[in-house]
Amino acid sequence: MPRLYSGVRERKHFWAAMGFLALNLTGFLIFTFGPVLLSLYMSFTNWTLRRSVDLQWVGLRNYQELLSDSNFWFYLYNTLYFMLGIPFAVVGSLVLANLLVDNMLLKRKKLRLRIANVLIIVGLLTCGFLLVGGQKDLALILGVIYIGAAAGIIWGSVSYRTMLYVPSFASGVATIILWQQIFNPYYGMANNILGELLAWVNLDVDLPTWLNSTKSLLGFLPLPATFSNGGVGLGAREAIMIMGFWMGIGGNNMILYIASIASIPEDLYEAADIDGAGSVGKFWHITVPSVAPTTFFIAIMATIGGLQGGFQFAKIMTEGGPAGTTTTLAYYIYTKGFVEQELGYAAAISWILFIIVFALTLVNWKYGNRKMEAAS
Amino acid sequence: MSTPWSQTPAWRSAMVFLKFFGVSVLCGIMFLPFIWMICTAFKSSGEVEGAHFWPELFSPDNIRIVLRQIPDPFTKVFVNLHLAKWIFNSILVAAWVTTLQVFTSCMAAYAFSRIQWRGRDKIFLLYLATMMIPGMVLTIPQYQIMVSLNLVNTYSGLIIPAAFSAFGTFMLRQFMLGIPQSYDEAAEIDGAGHCQIFLDVILPLAKPGMITLAIFTFLGNYRNLIWPLIMIKDAHLRTVPIGLLSFQGQYGAQVELLMSATLICLIPLILMFIIMQKQLVRGISLSGGVKG
Numbered sequence: 024m025p026r027l028y029s030g031v032r033e034r035k036h037f038w039a040a041m042g043f044l045a046l047n048l049t050g051f052l053i054f055t056f057g058p059v060l061l062s063l064y065m066s067f068t069n070w071t072l073r074r075s076v077d078l079q080w081v082g083l084r085n086y087q088e089l090l091s092d093s094n095f096w097f098y099l100y101n102t103l104y105f106m107l108g109i110p111f112a113v114v115g116s117l118v119l120a121n122l123l124v125d126n127m128l129l130k131r132k133k134l135r136l137r138i139a140n141v142l143i144i145v146g147l148l149t150c151g152f153l154l155v156g157g158q159k160d161l162a163l164i165l166g167v168i169y170i171g172a173a174a175g176i177i178w179g180s181v182s183y184r185t186m187l188y189v190p191s192f193a194s195g196v197a198t199i200i201l202w203q204q205i206f207n208p209y210y211g212m213a214n215n216i217l218g219e220l221l222a223w224v225n226l227d228v229d230l231p232t233w234l235n236s237t238k239s240l241l242g243f244l245p246l247p248a249t250f251s252n253g254g255v256g257l258g259a260r261e262a263i264m265i266m267g268f269w270m271g272i273g274g275n276n277m278i279l280y281i282a283s284i285a286s287i288p289e290d291l292y293e294a295a296d297i298d299g300a301g302s303v304g305k306f307w308h309i310t311v312p313s314v315a316p317t318t319f320f321i322a323i324m325a326t327i328g329g330l331q332g333g334f335q336f337a338k339i340m341t342e343g344g345p346a347g348t349t350t351t352l353a354y355y356i357y358t359k360g361f362v363e364q365e366l367g368y369a370a371a372i373s374w375i376l377f378i379i380v381f382a383l384t385l386v387n388w389k390y391g392n393r394k395m396e397a398a399s
Numbered sequence: 013m014s015t016p017w018s019q020t021p022a023w024r025s026a027m028v029f030l031k032f033f034g035v036s037v038l039c040g041i042m043f044l045p046f047i048w049m050i051c052t053a054f055k056s057s058g059e060v061e062g063a064h065f066w067p068e069l070f071s072p073d074n075i076r077i078v079l080r081q082i083p084d085p086f087t088k089v090f091v092n093l094h095l096a097k098w099i100f101n102s103i104l105v106a107a108w109v110t111t112l113q114v115f116t117s118c119m120a121a122y123a124f125s126r127i128q129w130r131g132r133d134k135i136f137l138l139y140l141a142t143m144m145i146p147g148m149v150l151t152i153p154q155y156q157i158m159v160s161l162n163l164v165n166t167y168s169g170l171i172i173p174a175a176f177s178a179f180g181t182f183m184l185r186q187f188m189l190g191i192p193q194s195y196d197e198a199a200e201i202d203g204a205g206h207c208q209i210f211l212d213v214i215l216p217l218a219k220p221g222m223i224t225l226a227i228f229t230f231l232g233n234y235r236n237l238i239w240p241l242i243m244i245k246d247a248h249l250r251t252v253p254i255g256l257l258s259f260q261g262q263y264g265a266q267v268e269l270l271m272s273a274t275l276i277c278l279i280p281l282i283l284m285f286i287i288m289q290k291q292l293v294r295g296i297s298l299s300g301g302v303k304g
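Quick note, the sequences are listed as chains A and B, same order. For what it's worth, the working numbering labels the leading residue of the first sequence as 24, then goes sequentially. For what it's worth, the working numbering labels the leading residue of the second sequence as 13, then goes sequentially.
Looking at chain A on its own, in the form it has when it is part of the complex (with noise of 0.2 Å):
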């Protein structure tokens, strides 16, 4: 008799479990495996949003258009040329997260507020005389970094890292607006400061005009024609870089690295004092293997965020100009798609981003495996 039992059991646990989950379900194949399907089938068709056009089937003929599309191959080079940013942003979050795990640098809570006392007195006294003076924007600057300082020593850690952050949760249309305004190369604050530091130290060099130039760090690369190559300089690609840095740093790595560090066994770090490692050699031989799985997962998310990536900054910022060095892979689907109405051909494309993308982070899988097998 048992197994008519569980035959029925089973039976019934089957309708209970689609029971809940079919909500989900159909919500799943209608908005989900539903459109997989579809944008499939669309790329093997000339499907557009115009109505005047009968809807046929092409078979290859999108993708074979694709590979021999110049734009295609210049938007790819951008999307990987952007994603080449992530590692120095990984590495920035790894040793902030390194600095700031410890809750408190100081121990005793009399020095702490004994110093942030003589900080705060410093620091009204400092920006004071500098606004009398006349020197308004030294004053502020120094007066965040006072006031920043005493957070961090009242505080502890946690301010700086709440400070830090606020650039990565604030990610969006505002920021990325504000950053187009910046890199503005008459009035914006990236020339500004540059201007002012160039003719401190007596250096007389054109400023890079950012978001309206073509040129990249990679300017000396022999890339084909179509590639609107501008030569080696700060341009448009290098502007998006340091924002995606800014806005990167600080954010959800930190906070994946502070936990990680934070886990780490301490006798480890003690085994090391005893021997007399420097904190540079306890960083590099304790911590970073320590959160190598940490890393690894950092790095698939990246791959797989980079490659769909640069849609916002491609449409708040640049609209995928100048001469298209900003465009990524996601802004050409988009207007692909959306604005020349193409949607088979758009298809296409978005079938070769995740062929890439699905190949990428195999490899990543494989050998980020390898080493952390290598690593423990």
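Bear in mind the hints are in silico, worked out from the structure with no lab data behind them. Among the clues, some could well be false.
[Claimed, not checked] Calculated lysine-lysine pairs in the DSBU-like style (CA-CA distance at most 35 Å, straight line):
#: 1; chain 1: A; residue 1: K338; chain 2: B; residue 2: K31
#: 2; chain 1: B; residue 1: K31; chain 2: A; residue 2: K305
#: 3; chain 1: A; residue 1: K389; chain 2: B; residue 2: K134
#: 4; chain 1: B; residue 1: K219; chain 2: B; residue 2: K134
#: 5; chain 1: B; residue 1: K290; chain 2: A; residue 2: K338
#: 6; chain 1: B; residue 1: K31; chain 2: A; residue 2: K130
#: 7; chain 1: B; residue 1: K31; chain 2: B; residue 2: K290
#: 8; chain 1: A; residue 1: K130; chain 2: A; residue 2: K305
#: 9; chain 1: A; residue 1: K35; chain 2: B; residue 2: K97
#: 10; chain 1: A; residue 1: K338; chain 2: A; residue 2: K305
#: 11; chain 1: A; residue 1: K389; chain 2: A; residue 2: K305
#: 12; chain 1: A; residue 1: K132; chain 2: A; residue 2: K305
#: 13; chain 1: A; residue 1: K132; chain 2: B; residue 2: K97
#: 14; chain 1: B; residue 1: K290; chain 2: A; residue 2: K305
#: 15; chain 1: A; residue 1: K133; chain 2: B; residue 2: K290
#: 16; chain 1: A; residue 1: K159; chain 2: A; residue 2: K132
#: 17; chain 1: B; residue 1: K97; chain 2: B; residue 2: K245
#: 18; chain 1: B; residue 1: K88; chain 2: A; residue 2: K159
#: 19; chain 1: B; residue 1: K290; chain 2: B; residue 2: K219
#: 20; chain 1: A; residue 1: K159; chain 2: B; residue 2: K31
#: 21; chain 1: A; residue 1: K130; chain 2: B; residue 2: K290
#: 22; chain 1: A; residue 1: K132; chain 2: B; residue 2: K290
[What the hints assert, rightly or not] Which residues of chain B face chain A? A partial, calculated answer using Cβ under 7 Å:
#: 23; residue: A63
#: 24; residue: T116
#: 25; residue: F285
All C-beta atoms, glycine included, are put in the ideal place defined by N, C-alpha and C.
Knowing the structure of chain A, use the given hints to seat chain B on it.
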């Protein structure tokens, strides 16, 4: 044995000082864009091209123009910035999506984690596989589906497709797998059915996971750009990102107004940050698979 130089008290306090100094300066640099934004928002239109931060006279006029208290002095009309309406739309959409998504995801997660049934792992694998697919692949046919359902340019069109999430299901399933099986076995012996186990045992224990998912979903939808950009045509349905983008299109040349508008649009976000930051930090650590 003499202590190594890296462990002498003087060296240590020097390092602590250096740390404080470095991080404080970095915080200052990170906040420079915001300082510049605030300063520019209070400058007059003649002053924005100057190289200095500090406005000569702090004039609240730009803020009042952006808040529609006084008209734009050049065109003599009130600007097209309906912040209250935009925030209302953003919050309405994000709140509906969050409620529906957490509801559908936790029910599905229960079926995937606590009930044994044939075909479970195959269907779950299907969910997992779709998580790898770029959002852009889905956006195009989703739009087509919305066109055929006549939901373009409606609130429902913004809410319904986002109410079901493979990621949310996956996350809550992982979370529920961490709840010991013996809890529901004990409840089953006491005669509880699946509904009771779900409501009385699993849901209370899965609360941290649900809160994390809710925060991520809410923020993600509050600031979502591409889907409302494609779906929304009417001005009265605009969410904050779309509204601000349209404002940029109209007043992009008037930097002081643009900066006032971005400043004002950032304020609700900063408020949300202050309210949610603790849960948020815990949630990020949770989702990355490390204990915080």
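Hints versus structure:
{"no.": "1", "hint": "A:K338 / B:K31", "result": "39 Å, violated"}
{"no.": "2", "hint": "B:K31 / A:K305", "result": "16 Å, holds"}
{"no.": "3", "hint": "A:K389 / B:K134", "result": "23 Å, holds"}
{"no.": "4", "hint": "B:K219 / B:K134", "result": "27 Å, holds"}
{"no.": "5", "hint": "B:K290 / A:K338", "result": "32 Å, holds"}
{"no.": "6", "hint": "B:K31 / A:K130", "result": "15 Å, holds"}
{"no.": "7", "hint": "B:K31 / B:K290", "result": "24 Å, holds"}
{"no.": "8", "hint": "A:K130 / A:K305", "result": "22 Å, holds"}
{"no.": "9", "hint": "A:K35 / B:K97", "result": "49 Å, violated"}
{"no.": "10", "hint": "A:K338 / A:K305", "result": "44 Å, violated"}
{"no.": "11", "hint": "A:K389 / A:K305", "result": "28 Å, holds"}
{"no.": "12", "hint": "A:K132 / A:K305", "result": "28 Å, holds"}
{"no.": "13", "hint": "A:K132 / B:K97", "result": "47 Å, violated"}
{"no.": "14", "hint": "B:K290 / A:K305", "result": "30 Å, holds"}
{"no.": "15", "hint": "A:K133 / B:K290", "result": "27 Å, holds"}
{"no.": "16", "hint": "A:K159 / A:K132", "result": "34 Å, holds"}
{"no.": "17", "hint": "B:K97 / B:K245", "result": "15 Å, holds"}
{"no.": "18", "hint": "B:K88 / A:K159", "result": "34 Å, holds"}
{"no.": "19", "hint": "B:K290 / B:K219", "result": "15 Å, holds"}
{"no.": "20", "hint": "A:K159 / B:K31", "result": "27 Å, holds"}
{"no.": "21", "hint": "A:K130 / B:K290", "result": "23 Å, holds"}
{"no.": "22", "hint": "A:K132 / B:K290", "result": "23 Å, holds"}
{"no.": "23", "hint": "A63", "result": "4 Å, holds"}
{"no.": "24", "hint": "T116", "result": "4 Å, holds"}
{"no.": "25", "hint": "F285", "result": "5 Å, holds"}
Consistency note: the structure conflicts with the earlier hints numbered 1, 9, 10, 13.
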